[in-house]
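Please construct the entire structure, taking both the sequences and the accompanying hints into account.
Protein chains in written order, with this note's numbering: chain A, 327 to 691; chain B, 327 to 691; chain C, 327 to 691; chain D, 327 to 691.
Note that these hints are calculated values from the structure, not bench results. Just so you know, not all the hints are guaranteed correct.
Identical copies look the same in the list; a pair holds intra-copy or inter-copy alike.
[To be verified] Pairs of lysine-lysine, DSSO-like flavour, derived with a Cα cap of 30 Å: (1) LYS599 <-> LYS426; (2) LYS411 <-> LYS599; (3) LYS411 <-> LYS385; (4) LYS468 <-> LYS411; (5) LYS524 <-> LYS599; (6) LYS468 <-> LYS599.
Note that the coordinates shown come from a computational prediction; the quantities given were computed from them, not determined experimentally.
4 protein chains.
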Amino acid sequence: MSSSFGHLFRISTFGESHGGGVGVVIDGCPPGISVNESVIQLELDRRRPGQSEIVTPRKEADTAEILSGLHDGVTLGTPIAIVVKNTDQRPNAYDEMAVKYRPSHADYTYDAKYGLRAPSGGGRASARETIGRVAAAAVAKKVLDALHPGIEVLAWVKSIHDLNATVDPETVSFETIEGNIVRTGDPAMVEPMIERIKQVRGEGNSVGGVVECVIRNCPPGLGEPVFDKLEAELARAMLSLPATKGFEIGSGFAGTLLTGSQHNDPFRMIDGKVRTTSNRSGGIQGGISNGENIVFRVAFKPTATIMSSQETVTSSGENTDLAGRGRHDACVLPRAVPMVEAMATLVVCDHFLRQRAQCGGILRP
Amino acid sequence: MSSSFGHLFRISTFGESHGGGVGVVIDGCPPGISVNESVIQLELDRRRPGQSEIVTPRKEADTAEILSGLHDGVTLGTPIAIVVKNTDQRPNAYDEMAVKYRPSHADYTYDAKYGLRAPSGGGRASARETIGRVAAAAVAKKVLDALHPGIEVLAWVKSIHDLNATVDPETVSFETIEGNIVRTGDPAMVEPMIERIKQVRGEGNSVGGVVECVIRNCPPGLGEPVFDKLEAELARAMLSLPATKGFEIGSGFAGTLLTGSQHNDPFRMIDGKVRTTSNRSGGIQGGISNGENIVFRVAFKPTATIMSSQETVTSSGENTDLAGRGRHDACVLPRAVPMVEAMATLVVCDHFLRQRAQCGGILRP
Amino acid sequence: MSSSFGHLFRISTFGESHGGGVGVVIDGCPPGISVNESVIQLELDRRRPGQSEIVTPRKEADTAEILSGLHDGVTLGTPIAIVVKNTDQRPNAYDEMAVKYRPSHADYTYDAKYGLRAPSGGGRASARETIGRVAAAAVAKKVLDALHPGIEVLAWVKSIHDLNATVDPETVSFETIEGNIVRTGDPAMVEPMIERIKQVRGEGNSVGGVVECVIRNCPPGLGEPVFDKLEAELARAMLSLPATKGFEIGSGFAGTLLTGSQHNDPFRMIDGKVRTTSNRSGGIQGGISNGENIVFRVAFKPTATIMSSQETVTSSGENTDLAGRGRHDACVLPRAVPMVEAMATLVVCDHFLRQRAQCGGILRP
Amino acid sequence: MSSSFGHLFRISTFGESHGGGVGVVIDGCPPGISVNESVIQLELDRRRPGQSEIVTPRKEADTAEILSGLHDGVTLGTPIAIVVKNTDQRPNAYDEMAVKYRPSHADYTYDAKYGLRAPSGGGRASARETIGRVAAAAVAKKVLDALHPGIEVLAWVKSIHDLNATVDPETVSFETIEGNIVRTGDPAMVEPMIERIKQVRGEGNSVGGVVECVIRNCPPGLGEPVFDKLEAELARAMLSLPATKGFEIGSGFAGTLLTGSQHNDPFRMIDGKVRTTSNRSGGIQGGISNGENIVFRVAFKPTATIMSSQETVTSSGENTDLAGRGRHDACVLPRAVPMVEAMATLVVCDHFLRQRAQCGGILRP
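As C-alpha cells, then:
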C-alpha cells in the first residue's frame, strides 16, 4: 500500500525513472466531471524538468495519456488511468552509481529493504514518481471545482537557503507566483533567489528552502477528529514528497514561544459566520477545518546530488568516493511548488468526499 | 476510519471524555506475545492526570481492563480489546462551555462537521482519547521486544516556552528523563522549566514547547518508498496528537540553511556495517530507515484552556466572552512525552510487520 | 484486518467465548441517528442462546452496554463501542477438547495458524463472535431508516435437512417468520421442522439447512462495478458467518440449467420506473442494485458438535476418539436468521454511504 | 476502492471496453521474483477471445506490456503496472445499445448509479476488465512458486447447461483440462459440451454452467478467523467475476442434506501430519486452510447477450425491443476457467503474505 494515497479519492502511482513509464490510477472519482488531457498537461508542465534556466536541463516532455475512465471528456466514475512514457533515459549515466551508494539518496536503503534495486536513476525515489500525483491532483481540482467551487490551493517559495520572502497568504496571487521562475510570492526576492541558485550550481553545490501553502475558501467541517486530522493528513502528504524534512501549520514551531493568551484565536460573528480574528490555528482546530485559510509550510533539504567528491561506500562494502554527475536541480524548490499544491489538493478532495459520505456534505457552506 | 491507525498492527480507539469509557481494539497482533494489564498500566500511569504537581490535578485512576485476545498472559493473534472506564466525570463543570465555543478548541469545528456535539469535555478531542493509543503501544512494544529485541523509543521535553534543553539523543537515558516531573533530558533545565510552568499557571495562562524523540537500534529497511515513507507516517502520527503544530526530522527546518555539501551524510563501513558519519537525515533516507538513530521533534502549542476572559461566540451565533474554569494542564509537555513515544512505537511495529510480509523480514539486522 | 468489515460504515469486532466479553466498535456512523441500548438488545435477543426449546439451552443474557459515541440517545459521528460481558463461562467443560481437536471445528486450524489457541470454547470461532455483528447491524438499521426509509431486510429458514419451506420473498412478513421458533416463512413447515430438530437432537446428531433473505425497497445504484459488486460483498459477508458452505443470488446454481432467453429479465416501464418483469438477476445487475428485490440463499452445514464418538487426533499428534458434550445447537438455522439479516444490513448501509460519497446519493429514489 | 483487491498483494485494475486500454497495478509484490511478459501473456492467451471455435470470434491480441516494477526480469518490490491496449474497438456496433438497455446487462444499473455511462461495450462490466486480474494472477503465481513451491490452482468446467462432467479434484491434470477447448476435466463430456454450445449458438441463444476449482498443496494456516475467512474471500473473489450467481465450498448446498455425523471430517495422523479422512469441509475449517484440497464451485449464468428479440426500455424511459448483435460468447465457461484460477491465486497469495506478516510464515509446512 506504499503507493496508494487517499481513502475515497484514492490514487495509486507506479513507475520508475527507468522502465516504460510512470503514472497513476485514480479510483473513486465522482462521475460527470469534465476532465481532459490538457488540464492534466498544464499541471505536469509546471512540474517537469527543463522549464527554466534554474531547474535541471533534462528534457522530458512528460506527455500525459488517459487510458480509461472518461467518455466524451467526462469522468465515468470508473478508474482513471494516466500514463506518461519515459523517453529521456540514459542508463549509462548511472553506471558508477550502480555500485556506489549516493550519499543522502535512497540507494542504500532500497538495498537494505528489498535486497536489490534498479541500478539507475533512483527508482521510485526519483522525482519522476511525483508525475502521477500531479496528474491525479489535476483531476481532483476539477472535482472540487465542480462540487464545491471556490476552493483555491496556492503554494510559493517562502525561503531559499537564508533568503526569506515576505508573502501575505491572504492576498498573494497565482499570477505573482507563476510570473517568476523561482515561484516565490515576493517580487523583491526573485532576483536574489535566482542568483543564489545559480551561484551554488556554479559551485557544484545545492540549496534547500521552505515552501508555504494556503488553502483558501476551504469550507468548515473537513477533517476527522483523531488519526485522520486534516493537519495529520497534510503532514503525511507533505513528508511523502522527496527531500522534505519538516511540516508546520499555523503558528508552527514558533507558536511554542507564545503563551496561551497570545496564541488562542478569538471567535467573532462576522457576516453571520463564525470566524476567528487571528489565525494561529492555521485554519484547522481539533483536526477539522474552521473555514479560515489553511496555512502550512514544508521544509525541503538541499538537493542530495552535488558535484564535489564525497565519502561513500560500495554495495559490496568498501569505502570509496563519489562525485555527482549528470543533470540535476541545484534547488528543487521551484518545482516543488506544484507538488505541494498537488498533495494538498488530493487531501482536500478526499476529505470532501468523506464528509459527504458520513455527514451528507458541507453543513456550513 | 478516523479512529483507526496502522495497516497490519491496526488499532481502533473509541471513547469520549463523557460516556462509559475509552479504549482500543488491536487487530493483527502476532500470537504468542507476553502481555498483561500491568504492562499496559505502567504506560497509562505515565500519561494520566494527577501524577505530579505540574499537571492537571484531575484524579483519574485510568485502570486498564483487557477484555479479549489473551490467554494465560499470551496474545492469541485475535483482537485485543482494552477498556478504561470513565470515573471522574463532572458534566456540570461544562455547562457554560456547552453554549460558548472555547477558543482554539474543537467545539466549533465539531458542530460545523457533525451538526451536533456532546456538550461536555471535548468529546474525542479530549486528551483522554490518547489512552487507547498509549495502551495499544504498550502491546506494540512487547511485540517488538519479542520479534526484534533492542529497539528503544525514547522521548523528552526539548523546550518549554523559550527554555531550551540540551540533550544528546545518542546517550540520554530513560532514567534521566523519567527522573524529573517535566520529563526533560537536561537536568539543568528541570527547575527552570518547573518554575515557568508554575508561573504561567499562577497567571491563569499556559505554555507550549517541543518534544524530541529518538528511535535507537531501528533496523535498516523499515518504511516504504512513496506515500508511506517512515517519516511521513511519523509525521501523521505526531500531528494526530492533540495540540501539535509541527514536525521535523533530522536537520528539519534548520537544514534548509545548509548547502548540500554541508548537509549530506557521508557513508563509511564501520564494524562491517554501512553507516553514516553524520545524521542530518535523521535515520531515514528515501522513506526507509538506514540503521542510524531516528530523531524527530514535535511542536505543541500552549494549552488552549486559560483562565482569563477571551472573546468568543455562542453556538447560536452571538458574540460573548468566556474564561476557562476547572482543572487543566497549564503545559501539556510532560504528559505528551509518553504519547509521542506511543505513536512512534506503533509506527515502527506496523512497519516491522509490513517488512516481514513483503520482504520476509529484516534483511540487514 | 480479519476482524473489520465495511469500508465507510466500518465495524471491528472483538472477543472470545472465554475472557471478559465480546463486542464491536463502529467507526464512520453518521451523526444525529437515534440509537439506544434497547434497540440493540432487541436484535441480540433474537440471536442469543436459550430463547426457545430448539436451540442450545445455554443461558446468556447478552446484555449490551454502549460505551461511547452517543449523547442523549443520538449518535455523535464518533466511534460507537458496544460491549457484552461474558457471564456463563464453564472453562472446565472444555478440558477434554483442549487436547483433542473437535472434528470440523476450528481447533486444529487455529493451532496451525497461530501456533497456539485458547483451550476453551472455540475462541473467535465461537458463535458468540456474531454478537458484535448483530449489535452493529442494529445501529446500521437505524442509519438506513433515517437516511433512506423503507429498506427492509428479512431472512427466514428456507430448508432444514430435506424439509423445504415454500415462501414468497415478495410477501412474507416479519410477523410470520418471528411468529414461530424455527423462523421459517412457511407455517405449514413449522411443526415438521421442529420435529426434525428434536429428533436429531435426541439422537445426539445435528442438521443444517438453508436461510433465504430478501432486501426489499433497496434503491437502484448500490454496489460497485468490479471487486465490490454488491453480490460479492454479500457473498463475503455470508461466508464469513460460522458454518456456512454456500451462497447463491437470484437464479443461483439452478440458473445454470436455463438458456439465456429463459434467464434474461425483460425491462418494462412501470409507474414511471425502469423495472424487470422477472427477477432471475436477484435484484443486482453488473454488481449494482437495480431496484428489484435482492434475494439470496445461504447454506449452513449441520452443527459440528455431535454427541456420538468420532475419530480425531490430539494436539500432540496421537489418534484418539472424541464425543461432544455440553450444550449446543442441534441446528443453528433459527439463530442464523438474525445473523444473515445483520450482515446484509451492514453491506447495504456501507454501500449507501459509499454511493453518497462518490455520486452524492441515490440518483433514482 | 471498487477496483482494488487484496490486502497485501494488492491489485488495482482499470480500463473499459472502449478507451485506450485495460490493465492493472500490483502493489506489495515481494522483491526478487522472476517475472516477464511471456509469463503473463501465457495466461492472457487462455482468457482471450478468438482462441477456439466455441468462444467469441472477436480478435484481440491482448498483448501485455509491463511498464514498471521490474529490472532484468526480476521484481523490485515496487508497483508493477501492466497495460493491454485496446485494438479491436467497433464503437458503431453499439449504437442501438447506447439508447436501449440490454436485458440482464449492467447498462441500466450504471446509469442508475452514476447518472451516465459510456454508450459502448459495457464499460467496466465488459469481460475485458478481467484482463488485469489474469495478468496480476500470473505474477501472484510466480510469487507463490518462489516463496512456497507446490501450491497448484486448477479449475475446469464442471457442467454446461444440464451436462455434468465427472471429475476427481484429487487427480485431474492441467493437461487433461487444457487439452480440450471446453476446458472440462472429463474427456467423455468434451464432445457433448461442444455440441451443446454450438447448438445454442446456432439458435442465437446461450447457456451457463458451473466451474469447479481445486487448490492443491495449500499449507495449513491461511485465512483469518472472522470476516476474512478464506472461504469468504474466495466467495467475494468469485462473485466479483462477471455473470456469476453462486459459490459453494466443500459439501456446499448438498451438505445441508447430511446430518452432522455424516458431514464431519474425522481427523487422523497420516505420515506425521494432521489429516482428515474425508473432505466435506473443502479444505477450510473456521476460515483457515487445514492442508486438505480446497475445492469449490462457481455458478455462471447463461450469457446475457442473445440474438432473439427481447423486451426492454430506452434510457429515456420508453418500452421497446432489442435483439443482440455482434460477436459474443454463447457460453462463457471455457474462458471463465482461467478467470476462476486467477482470482483463487490472488486470494491465496494475499493470505500467504498476511500469514507471514502476523505469524512469521507457515508454521506447519
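Status of the hints after comparison with the structure:
no.: 1; hint: LYS599 <-> LYS426; verdict: between (59 Å within a copy, 15 Å between copies)
no.: 2; hint: LYS411 <-> LYS599; verdict: neither (48 Å within a copy, 38 Å between copies)
no.: 3; hint: LYS411 <-> LYS385; verdict: both (13 Å within a copy, 27 Å between copies)
no.: 4; hint: LYS468 <-> LYS411; verdict: both (24 Å within a copy, 27 Å between copies)
no.: 5; hint: LYS524 <-> LYS599; verdict: neither (48 Å within a copy, 37 Å between copies)
no.: 6; hint: LYS468 <-> LYS599; verdict: within (27 Å within a copy, 32 Å between copies)
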